[in-house]
Amino acid sequence: MSLNHAKHNEDLCNKLNIDKKFCDWIVTTAFYSALHYSEYQLFPFKIGPTEYASFDLYYDAFKTSRDNKHDTRKRLVYSNINATAGAAYNWLKDLCWTARYYNYMITEQEADVAVSKLEIIKTHLSKLSAK
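If you're matching positions, the sequence shown starts at 824 in the working numbering and goes up one per residue.
Treat the hints with care, since some could be wrong.
[Said to hold, decoys possible] Subject to a maximum C-alpha distance of 27 Å in a straight line, what follows is the list of computed BS3-like cross-link-like pairs (lysine-lysine):
| hint | residue 1 | residue 2 |
| --- | --- | --- |
| 1 | 950 | 892 |
| 2 | 838 | 886 |
| 3 | 838 | 945 |
| 4 | 843 | 950 |
| 5 | 830 | 892 |
| 6 | 844 | 869 |
| 7 | 886 | 897 |
Because the hints were derived from the structure by calculation, they are not lab data.
Can you make the complete structure from the sequences, with help from the hints?
This is the structure:
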């Protein structure tokens with residue numbers, strides 16, 4: 824599911840990126856594509872003898888009052904993919920948050936960087952390179 828969802832969001836991101844008219848949505852679709860690609864890489868996730876089939880099952884098992892899903896997912900990317908992918912993911916998450924909740928006026932340059940951050944994340948996913 825996550826892989827198909829990731830590709831679906833990436834396809835829309837690429838279509839939007841052609842004319843650069845909706846840069847806030849380029850960033851948003853790049854982020855959600857990265858989110859789903861990351862989940863595809865990370866899950867199922869095994870800790871000792873216990874395997875978590877999905878992010879939601881993992882989150883339900885380990886959430887605390889200080890956690891939210893986005894921060895938990897970001898930590899998983901940093902610690903279980905690598906710091907480069909984690910930094911790209913964090914950048915996308917932050918700019919997506921800005922675009923969705925504070926200021927939708929995203930520049931073409933920011934949109935281009937968002938697409939490149941998605942590509943950076945994808946290069947660090949061993950499950951994609953194995954296909």
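* To do: Against the structure, test the hints numbered earlier, and report the numbers of the ones violated in rising order.
  => Hint check: 2, 4 and 6 fail, others pass.
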